[in-house]
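*Asks:* Sequence:
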Amino acid sequence: MKEKRSPQVRRLTSEYIEHQERQKEERERRMKGVKRRLSVFGGFLGAFIIFAVITLFQQHSAIQDQQQENSQLELQLADMKDEEESLEEKVEALHDPDYIAELARRDFFMSKPGETLFQLPRSQEVEE
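In the numbering used here, the protein residues as written are 105 to 232.
Careful, some of the hints might be misleading.
What the hints assert, rightly or not - No more than 20 angstroms apart at the CA atoms, straight line, and that leaves these computed lysine to aspartate or glutamate pairs for EDC-like:
id, residue 1, residue 2
1, LYS194, GLU206
2, LYS185, ASP200
3, LYS185, GLU196
4, LYS216, ASP200
Treat the hints as calculated values from the structure; they're not laboratory data. Because the structure is a prediction, the values reported are computed rather than measured.
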């Protein structure tokens with residue numbers, strides 16, 4: 105059967121083993137520094153990515169708001185151009201003597217010499 109070994113095992117010490125242990129400790133120390141540097145770099149990178157995403161989201165929202173405002177202003181501009189065109193037509197019509205005479209007859213009940221005006225009741229005008 106198997107014999108139990110004693111828990112006390114003598115460790116061999118030689119230059120080779122000591123050299124290997126020092127190299128192992130040196131590697132562990134370097135890896136610890138590398139891990140620390142990578143974690144700091146990762147933290148900065150993560151913070152930068154979060155900042156970039158937040159900034160892009162805010163800019164996207166601002167662009168959408170400006171596009172919406174731009175479309176509303178374009179509609180207002182189109183309405184104002186239509187109104188301007190209508191007003192220019194009225195101005196041109198007011199330079200026409202026949203139109204002015206028509207307005208004077210209709211609004212101020214003026215007549216030409218020798219002309220007689222007949223005023224009809226408003227209820228009949230509405231029905232016709």
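*Asks:* Confirm or reject each hint.
*Replies:* Hint check results:
1. LYS194 <-> GLU206: holds (14 angstroms)
2. LYS185 <-> ASP200: Since the Cα atoms of LYS185 and ASP200 sit roughly 23 angstroms apart, the hinted pair is violated (cutoff 20 angstroms).
3. LYS185 <-> GLU196: Status holds; Cα separation ~16 angstroms.
4. LYS216 <-> ASP200: Satisfied, since the Cα-Cα distance of roughly 17 angstroms is no more than 20 angstroms.
Hint check: a violation occurs at hint 2 only; the rest are consistent with the structure.
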